[in-house]
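J.: Following the hints, position chain B against chain A.
Line by line, the protein sequences give chains A and B.
Start counting the first sequence at 441; every next residue gets the next number (the working numbering).
Start counting the second sequence at 86; every next residue gets the next number (the working numbering).
Check each hint, because a few of them may be wrong.
Stated by the list, open to error - Covered stretches of chain B, as calculated for chain A (at least 3 residues, CB under 8 Å):
#1 110 to 119
#2 122 to 132
#3 148 to 161
No lab work stands behind these hints, which were simulated from the structure alone.
Glycine residues also receive a C-beta, built at the ideal position from the N, C-alpha and C atoms.
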Amino acid sequence: MSDCHDTGQPKINLLPNPNILPPRPAAERPIIVAIVGPPNSGKSTLFNRLTGLRQKVANFPGVTVEHRMGKAKLKSDQEVFLVDLPGVYSLNPRAEDEQVTHDVLKGERPDFPKPDAVILILDVTNLGRNLVLAAPILHLALPTLVLLNMADDLAQRGGRVDVGALSAELNTPVALISASKGTGIDRIQQFLLGTAARLNAPPARIELPILQDVPKCRQWAAQLGTRASYRAPAPPLWTRRLDAIFLHPFFGPLIFAAVVIGVFQSIFSWAQPIMTALQDAVTISGVWMTHYLPDTPWRSLLIDGVWKGVGSVIVFLPQILLLFLFIGILEDSGYLARAALIADRTMARIGLQGKSFIPLLSAYACAVPAVMSTRVIEDKRDRMATIMIAPLMTCSARLPIYTLLIAAFIPNTHILGNFLSLPVAVMLGLYFLGFAAAVVVARVLKSTILQSKGSSFILEMPPYRWPTAHSLSLRVLDRAKVFLRRAGTVILGVAVGLWVLANLPLHNGHVPALEHSYAGMIGQAIQPLIKPLGFNWKIGIGLITSLAAREVIVGTLGTIYGIEGQETSQTLQAAVHHDLSTAGAIALLVFFAFAMQCLSTLAVVKRETGGWKWPIFQFTYMLALAYSGSWLAFHITQHFTG
Amino acid sequence: MPSGHSTLADMTTGQRCILDRLDLPDDLARRLMELGFLPGNEVTLGRRAPGGGPRVYRVDGSEVALRNETARHLYVRRDPESDLVVLK
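Chain A with its partners taken away, still in its complex shape (with noise of 0.2 Å):
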């Protein structure tokens, strides 16, 4: 097909126009590239490069691996489908994300059509052990495109590498680039075009050292290594220079705690100007909509069921982005690799261990990514375990009603002097309390049910770099849209369908009082349950209703009081005293620390542990975790407060 193969030369240079070409068929399938790459050689950021948004995530069917998917646009207007694989450092499948990998790229998979063609990425600053991964990918006998990121930091640390030489010892075109900084990637798309013609021709055979041999696939690589003349850099002198002082015995923990305190002083404190905007901008458009809206069942509907529900959600966006911000920086720059060694000790004592650290600070964000970031952690069982405590981490989707309540009932007084006063003290338990019943839950899960004998921790410390303003805010935008997403569909049935059942049956065409309502029933067939706990078939609704998500009880709570006016959080503070003692207040924080009231969460347990099982379990554990508690909680405030 392609004469193009035998020059020795990368054979990408050298394609003709694909404009000229005839165009493929319409009825045959897609085009599809898959990228594979060892973990830390920037396989995220290039395909992020290449794809932008247009990616989505998904799951391969009846395992717990992910795959996510994007389409390229490619400069005929063609387009190729990219599919992002688990990062490996062999293709023996062994760990389930390996399996996965070796599967799809042999074709093996019956949910997924083999790929066209194969784009290898290597961390060039470390050719010598990048390369063993060649030899498996070379073997599948697909069009395969090499190419050596990190370009900038090789050059940079005096390190250099002969493109052509490789190329011709490959048999495969080979390209220099570097992923974060978008250099040589008009190499890609040229690979890219030749696939979706149909033109680049499988490597031809070289000779591959037998897979399954480690140090003779290490001492080909090398091999290699020295006909491409590759001279490898210099050691990172920055890095070493930063980690005498991030692992420093002293000031190591000491910037370590600095960094998680800093990061949730910024997001309370950032955020908060912006979460009061957006709060205002919510409730004045909704007084200006009533004003403006003939008075009709359909202004109530638009108002209190969609405006307020959702305006309640869409609140914390700001917060929320501003935390991903944070995880991204430390992320990429490097320096949660280290955060999670300093962490290993003290993590061992629960039963965990450092690499859990990292899902658990993304826990304060939210659940849901973190569930998904647990695939850093190897040991299965120490993976189910973090998994299992993550929602106990205090979410921001639980920050509306511990605001609400505690500005509610909580009186503004200070304790410890000026120092802090007793809101934001309630405010800080409630963070301890979540955190607490993580660790002991863990200790328990640890000991019990998830036991191992001592699993291992193993963790690749990535050189520091600078985080790129794409890839960061690449990722922010990625999360504000599974956000909105969320805010839009949950969010927006569960404020709809409560507005529904809340307005019906009508009584001789008239809305009918709460209680008589299809919600009000349903509050009241659950109100001996939760009686001990100091709640009313109010709070039941709105108990039954945050099931979806936390936060939707503030929204519920404003349809059910129906507030109108311009100040509706004050007034709203001023409606729940009618249904809510001290103690029964106290008990409801109690309750919303320990429930697990979030379906998202339970559906990406599901997918992560590839079944009912732990999501079942968890659910369950942790309503009776909140249960006993409340009923703890309730009973002991009204011993004090009479």
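T.: Showing chain B alone in chain A's frame:
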């Protein structure tokens, strides 16, 4: 120099040694070999995490952190030429 008896866990920061064998279950040994812990490779001991946590090892061009309980199963020969290097 006793060979075959000392492990990575017996070395101190800055020491260099040659990896002799991995006395670990196959899966774990393979993972470590893929990360560069191959018999015959030189390993330099880097920093230990504050408070006696895992240690960073420099091996095959990269840095990998291991807990002591894993390092105890990696048997080494001391490098006869240069025992201590200055860590930068």
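J.: Which hints, by number, does the structure contradict?
T.: none
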